[in-house]
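> So the chains spell out like this:
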Amino acid sequence: MSALLSNLSLGFSVAFTLPNLGLCFLGCLVGTLIGVLPGIGPIATITMLLPVTFGLPPVGALIMLAGIYYGAQYGGSTTAILVNIPGEVTSVVTTIDGHQMARQGRAGAALGIAALGSFFAGCVATVIIAGLAVPLTRVALLFGPAEYAALMTAGLAFAVVLARGSILKSIAMVLLGLLLSTVGQDLETGADRMTFGVASLSDGIDFAVLAMGLFGFAEVMRNLTVDQARDVVHGKIGRLLPTRGELKQSALPVVRGTLLGAVLGILPGNGAVLGPFASYALEKKLARDPRRFGRGAIEGVAGPESANNAGAQTSFIPLLTLGIPPNAVMALMVGAMTIHGIVPGPLVMTRNASLFWGVIASMWIGNLMLLVINLPLIGAWVRLLKVPYRLLYPTIVIVCCVGIYSVNNLPEDVLATSVVALLGYAGSRLGFESAPLLLGFVLGRLLEENLRRALAISRGDLAIFIHRPVSAWLLLTGLIVLVVAVVPAIRTRREQVFVEE
Amino acid sequence: MARIRVQAPQDLVAGASLVAVALFALWAAGPLDSGRMGAPGPGLLPRFLALMVGGAGLALVGVSLARPGESLGRWPVRGPALIALSVVTFALTIRVPGLVVAGPAAMLVAGAASPETRWKELAIFSFAVTAVCTALFRSLLHLPIPILVIPGWVTL
Chain A
1 MSALLSNLSL GFSVAFTLPN LGLCFLGCLV GTLIGVLPGI GPIATITMLL PVTFGLPPVG
61 ALIMLAGIYY GAQYGGSTTA ILVNIPGEVT SVVTTIDGHQ MARQGRAGAA LGIAALGSFF
121 AGCVATVIIA GLAVPLTRVA LLFGPAEYAA LMTAGLAFAV VLARGSILKS IAMVLLGLLL
181 STVGQDLETG ADRMTFGVAS LSDGIDFAVL AMGLFGFAEV MRNLTVDQAR DVVHGKIGRL
241 LPTRGELKQS ALPVVRGTLL GAVLGILPGN GAVLGPFASY ALEKKLARDP RRFGRGAIEG
301 VAGPESANNA GAQTSFIPLL TLGIPPNAVM ALMVGAMTIH GIVPGPLVMT RNASLFWGVI
361 ASMWIGNLML LVINLPLIGA WVRLLKVPYR LLYPTIVIVC CVGIYSVNNL PEDVLATSVV
421 ALLGYAGSRL GFESAPLLLG FVLGRLLEEN LRRALAISRG DLAIFIHRPV SAWLLLTGLI
481 VLVVAVVPAI RTRREQVFVE E
Chain B
1001 MARIRVQAPQ DLVAGASLVA VALFALWAAG PLDSGRMGAP GPGLLPRFLA LMVGGAGLAL
1061 VGVSLARPGE SLGRWPVRGP ALIALSVVTF ALTIRVPGLV VAGPAAMLVA GAASPETRWK
1121 ELAIFSFAVT AVCTALFRSL LHLPIPILVI PGWVTL
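Residue numbers (the working numbering), protein chains in the order written: chain A, 1 to 501; chain B, 1001 to 1156.
Among the hints, a few may not be true.
Straight-line Cα separation of at most 20 angstroms, SDA-like style, residue types lysine to any residue; simulated pairs [what the hints assert, rightly or not]: (1) A:Lys386 to B:Arg1118; (2) A:Lys386 to A:Leu375; (3) A:Lys386 to B:Ile1124; (4) A:Lys386 to B:Ala1128; (5) B:Lys1120 to A:Leu391; (6) A:Lys386 to B:Glu1116; (7) A:Lys386 to B:Thr1117; (8) A:Lys285 to A:Gly296; (9) A:Lys248 to A:Asp289; (10) A:Lys386 to A:Arg103.
Derived, one-sided and incomplete: chain A residues facing chain B with beta-carbon distance under 10 angstroms [unchecked claim]: (11) Val52; (12) Gly55; (13) Pro58; (14) Leu168; (15) Leu176; (16) Leu187; (17) Asp192; (18) Phe196; (19) Val220; (20) Leu384; (21) Pro388; (22) Tyr393; (23) Asn409; (24) Asp413; (25) Leu422; (26) Leu451.
For the record, the hints were derived by calculation from the structure and aren't laboratory data. For every residue, glycine included, the Cβ atom is placed at its ideal position computed from N, Cα and C.
Model the full assembly from the supplied sequences, consistent with the hints where possible.
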């Protein structure tokens, strides 16, 4: 306990320096901005800002990038409530009851409870990260290549189950992502693999190109085909502070949402996205009168909004302790770390203690800042929402272009991104999701490296993955998760969680 | 003999595309050595993954024949193609003559993707955005983006 306190005080001493406070604020501000704007999310934004962080000290860079990620969770709810369009994937469920509340003239209360719930979730998640970091890191140090490979495989299994849509298609996307990650020089022999003699492919497919194509441009292409008519709530937002009765109604959903979101967020495989859906389903089930849901039930805002923020933060845990990015945003964090010579993994906590705890402490500070950015300044964001999409999307295109060009200062990257975007768009028309593909790609190299190391140790005997207990358990968990997802009874339940009206 | 009917056209095309991708990858990985289990070569994993992707594709094709599913739906081409063209425009003009041209040009091409675009408004707006981008990325963030380059004349 005292170790935890001393660690946290080290963290706060790092985070409370002027430049880091500034970067934290900047990250939260940018995060809220892109959260509010539909059509651009944290993946494209962080890819775009990666070159900017090259010049920053590593702590500052990570503090800012983290702020963008959890800041986007706050911003996303504003759009969901006021416009009935999710600003981010994680605020999809908020549109259901949040927008109904807004139509009944209770927009202020919805926004207020979303921000307060997120703040509570952020505080709890910060403590959870701090508390779990040390024991998990100790576990991670016992991990050999076989365990790492097994853990990543289990993570990919989770990713398949947690993805929306067809399970078979998700599996295919994870496999395709893994396959794409094998393009480039072989780690051991140095042989060029599937590069067709293109020199720039020797380093592998650029993650930034893939991420920006699939989540920046392809997103714009997809949005063009849906009707972007804005249903901005007119008239007053009303008082932002929820009444005592509303607070009482929301208290337990916030706590439950936080815990649910935090647990799902830790899962490797982007559990953070599932959190709000699960929380909504849970609140509806627990409610005395489930019919209120969909008609402006405040619990339907409080729970999911807490869950998405908790999940966004706890998804840092696998990265910081095991060095395994559980989603694409965390993979970009890996990029930001390795540029500064920091290898993500269990050693970060001891070798870069001030960075580790500084980033964690900054999350709490950032959540406090976000409360201010989102509640008193809500008027500014509402005005931003009135910018029509016909002007917004060319702006997103151009800013993404500048961003992807800046990563390597290569026009070829920009060209490649346009190809990826078209493929991503075609994929989405066929019902393929981009998220599992990107995760497979992210984990691919790490997985292959550990797989081959494990096989080298066992002299080619695959049984090593079963003989080592931890690895066996992890693989079994992954298998069970997959099997369970395919069993019809549970599959319909899973679909219900995602559909929810 | 019962005729086989396609019940889920979307899944059929999706599965067939995966099979195509897998075949392409197998061909591309052709010259790579697979090695043995004890000493895996560079080709082992790509080949294994390609086979798995192909397998998933075949399974999807199978499902599409057995279970009713979604139709192919609409495939709007104009919008996405123009967005891609806009990105290509940017790529071709960013080095020479630089962002001053690349920015507005890319935005105007992108604007053609939506029927709602008002050209005069977008033209003015595109120059404003380019100015903001210049200030933000070049002046404030010090990224080496070419602003205006006319060979032998100006390099900004």
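> So, for every hint listed, does it hold in this structure?
Evaluation of the provided hints:
1. A:Lys386 to B:Arg1118: 16 angstroms, holds
2. A:Lys386 to A:Leu375: Holds - the C-alpha atoms of A:Leu375 and A:Lys386 are around 18 angstroms apart, at most 20 angstroms.
3. A:Lys386 to B:Ile1124: 18 angstroms, holds
4. A:Lys386 to B:Ala1128: 18 angstroms, holds
5. B:Lys1120 to A:Leu391: Roughly 12 angstroms between the alpha carbons, so the hint for B:Lys1120 and A:Leu391 holds.
6. A:Lys386 to B:Glu1116: The given pair, whose Cα atoms are some 15 angstroms apart, holds under the 20 angstroms limit.
7. A:Lys386 to B:Thr1117: 16 angstroms, holds
8. A:Lys285 to A:Gly296: Since the Cα atoms of A:Lys285 and A:Gly296 sit roughly 16 angstroms apart, the hinted pair holds (cutoff 20 angstroms).
9. A:Lys248 to A:Asp289: 16 angstroms, holds
10. A:Lys386 to A:Arg103: 17 angstroms, holds
11. Val52: 5 angstroms, holds
12. Gly55: Holds: closest Cβ of chain B sits about 7 angstroms from A:Gly55, inside 10 angstroms.
13. Pro58: 17 angstroms, violated
14. Leu168: A:Leu168 check passes; min Cβ-Cβ to chain B is 6 angstroms, inside 10 angstroms.
15. Leu176: 6 angstroms, holds
16. Leu187: Since the shortest Cβ distance to chain B is 9 angstroms, the answer is holds.
17. Asp192: 9 angstroms, holds
18. Phe196: At about 7 angstroms, which falls below the 10 angstroms cut-off, the nearest Cβ of chain B leaves the hint on A:Phe196 intact, so it holds.
19. Val220: 6 angstroms, holds
20. Leu384: Violated, because the Cβ-Cβ distance from A:Leu384 to chain B comes to roughly 14 angstroms (cut-off 10 angstroms).
21. Pro388: Holds, because the Cβ-Cβ distance from A:Pro388 to chain B comes to roughly 8 angstroms (cut-off 10 angstroms).
22. Tyr393: 7 angstroms, holds
23. Asn409: 6 angstroms, holds
24. Asp413: 8 angstroms, holds
25. Leu422: 5 angstroms, holds
26. Leu451: 7 angstroms, holds
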